[in-house]
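Q: Residue-level listing of the chains:
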Amino acid sequence: MAGSDRPQATIGAILGVFLRLGMASFGGGLPGWMHREVVRKRQWMSEESFLAGIALGQVLPGPNSVNLALYIGQQLRGWPGAAAAFAGILGPPFLFILLLALLYAWGAGFGGMGVVLGGVAAAGLANSNVVGIRTARRMRGIGPWAVAGGTFLAVGILRWPMIPVVLALAPVSIGLAWVQGRRDA
Amino acid sequence: MPERLLALVLVFAPLSLVSLGGGPSIFAEMQRQSVEVHGWLSDAQFVDLFAISRAAPGPGSLIAALVGWQAAGLAGALVAALALYVPSSLLLLAIGHWWRRGDSPLRRVIERGLAPIAVGLIFAGVVTLLQADGAGWREVATLLLCTMALLREASPYLVMLLVALVYAGLQSGGMIGA
Numbered sequence: 085m086a087g088s089d090r091p092q093a094t095i096g097a098i099l100g101v102f103l104r105l106g107m108a109s110f111g112g113g114l115p116g117w118m119h120r121e122v123v124r125k126r127q128w129m130s131e132e133s134f135l136a137g138i139a140l141g142q143v144l145p146g147p148n149s150v151n152l153a154l155y156i157g158q159q160l161r162g163w164p165g166a167a168a169a170f171a172g173i174l175g176p177p178f179l180f181i182l183l184l185a186l187l188y189a190w191g192a193g194f195g196g197m198g199v200v201l202g203g204v205a206a207a208g209l210a211n212s213n214v215v216g217i218r219t220a221r222r223m224r225g226i227g228p229w230a231v232a233g234g235t236f237l238a239v240g241i242l243r244w245p246m247i248p249v250v251l252a253l254a255p256v257s258i259g260l261a262w263v264q265g266r267r268d269a
Numbered sequence: 719m720p721e722r723l724l725a726l727v728l729v730f731a732p733l734s735l736v737s738l739g740g741g742p743s744i745f746a747e748m749q750r751q752s753v754e755v756h757g758w759l760s761d762a763q764f765v766d767l768f769a770i771s772r773a774a775p776g777p778g779s780l781i782a783a784l785v786g787w788q789a790a791g792l793a794g795a796l797v798a799a800l801a802l803y804v805p806s807s808l809l810l811l812a813i814g815h816w817w818r819r820g821d822s823p824l825r826r827v828i829e830r831g832l833a834p835i836a837v838g839l840i841f842a843g844v845v846t847l848l849q850a851d852g853a854g855w856r857e858v859a860t861l862l863l864c865t866m867a868l869l870r871e872a873s874p875y876l877v878m879l880l881v882a883l884v885y886a887g888l889q890s891g892g893m894i895g896a
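As given, the protein sequences belong to chains A and B, one line each in that order. Take the first sequence: its letters are residues 85 to 269, numbered as in the working numbering. Take the second sequence: its letters are residues 719 to 896, numbered as in the working numbering.
Check each hint, because a few of them may be wrong.
Ranges of calculated distance between the beta carbons of each label pair, as one might list FRET restraints [to be verified]:
1) Gly-225/A to Ala-812/B: 40 to 46 Å
2) Gly-116/A to Glu-829/B: 16 to 22 Å
3) Val-884/B to Gly-259/A: 30 to 36 Å
4) Met-866/B to Pro-164/A: 42 to 48 Å
5) Leu-879/B to Gly-175/A: 20 to 26 Å
6) Val-755/B to Arg-104/A: 34 to 40 Å
7) Val-804/B to Arg-222/A: 47 to 53 Å
8) Arg-120/A to Leu-809/B: 26 to 32 Å
9) Gly-852/B to Gly-259/A: 36 to 42 Å
10) Gly-757/B to Ile-226/A: 38 to 44 Å
If you're looking for bench data, these hints aren't it; they were derived computationally from the structure. Computed from a predicted model, the values in this text were never measured in an experiment. Built from N, CA and C at the ideal position, the CB exists for glycine as well.
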């Protein structure tokens, strides 16, 4: 959705920007980086359009960073732009992670790497905790907390398959949000 | 091998469409499917792959590529990653046009309704991985400390590097065993 006064992004330029962003995406914070590259530095896209992409990427399934990249690519150059952004944001991390897995396979014989990896895994879970806590802070009323608790119990403790649980609870939760929205209005 | 690739698609493509907020919400189900249902890898291997995926750039759900790698080599890695990302990507692109029309009330209701489910799934993933890890008090303490640090805007990459260094130091000092 580049306006006539905005610089036109070529497919090659989109691929180049997202390849670099893909390598820079250690541990999150990627929307901030994308904003810097796409809105502030290159002015390919307006602020409002970018924010709509963030909301869309969060509410739909898929990683927020990948979704936002797809959205930007699509708005700039349609399907080819989206494909370039997708390849750029996922290509380098995909190759990098396979390289790490190879190193791990070679290093597994040294022993003790398991202990360090256990610590790193615990630290990695802290990222999940933070996302969960930040999202939970925005929940109001007993309904959302009951849905969150029920989801946790069913999937985390009882180990029920996740997809039927989500399919059953999502309409309930969206209904609750609708009722609450009407009451607030 | 083709059956394995098909099985990977059947596991990861449906997960793609329920991965609210990305990886953390589907870790529990990925572990259940790949370890308990299909036996592609052990609990301990899954936890190691999780650590590797966190140490790498990119979304945490790229652990799917590692599971695919364990199940069926390079082709498995590629198939698992595409199965996990393509369905959600197509959905996003299809809805992208409709979505841009503005701040519709329906959009806010859906957003608010899905948030609590994502929260439940995220913590389910944390508990599942801690159990799979056979985590003791040391890992739980590490998790809590790191959570507090990240809530205070510490760099996630720096936090993980510090944890790796501390664990490596403790171990080479003979404080903790393999």
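Q: The structure should be examined with respect to each hint, and the outcome stated for every one.
A: Hints versus structure:
1. The given range of 40 to 46 Å is broken by Gly-225/A and Ala-812/B, whose C-beta atoms sit roughly 32 Å from each other.
2. Between Gly-116/A and Glu-829/B the beta carbon distance is about 21 Å. The supplied range of 16 to 22 Å therefore holds.
3. At about 47 Å, the CB distance of Val-884/B to Gly-259/A disagrees with the hint of 30 to 36 Å.
4. Our hint of 42 to 48 Å for Met-866/B and Pro-164/A holds, since their Cβ atoms are close to 44 Å apart.
5. For the pair Leu-879/B and Gly-175/A, the supplied restraint of 20 to 26 Å holds, since their beta-carbon distance comes to about 24 Å.
6. Evaluation of the 34 to 40 Å hint for Val-755/B and Arg-104/A yields a pass: the beta carbon distance comes to about 38 Å.
7. Between Val-804/B and Arg-222/A the C-beta distance comes to about 30 Å, which lies outside the given range of 47 to 53 Å.
8. Checked against the hint of 26 to 32 Å, the pair Arg-120/A and Leu-809/B passes, with Cβ atoms roughly 27 Å apart.
9. For Gly-852/B paired with Gly-259/A, a C-beta distance near 40 Å keeps the hint of 36 to 42 Å intact.
10. Look at Gly-757/B against Ile-226/A: about 41 Å separates their beta carbons, and that is inside 38 to 44 Å.
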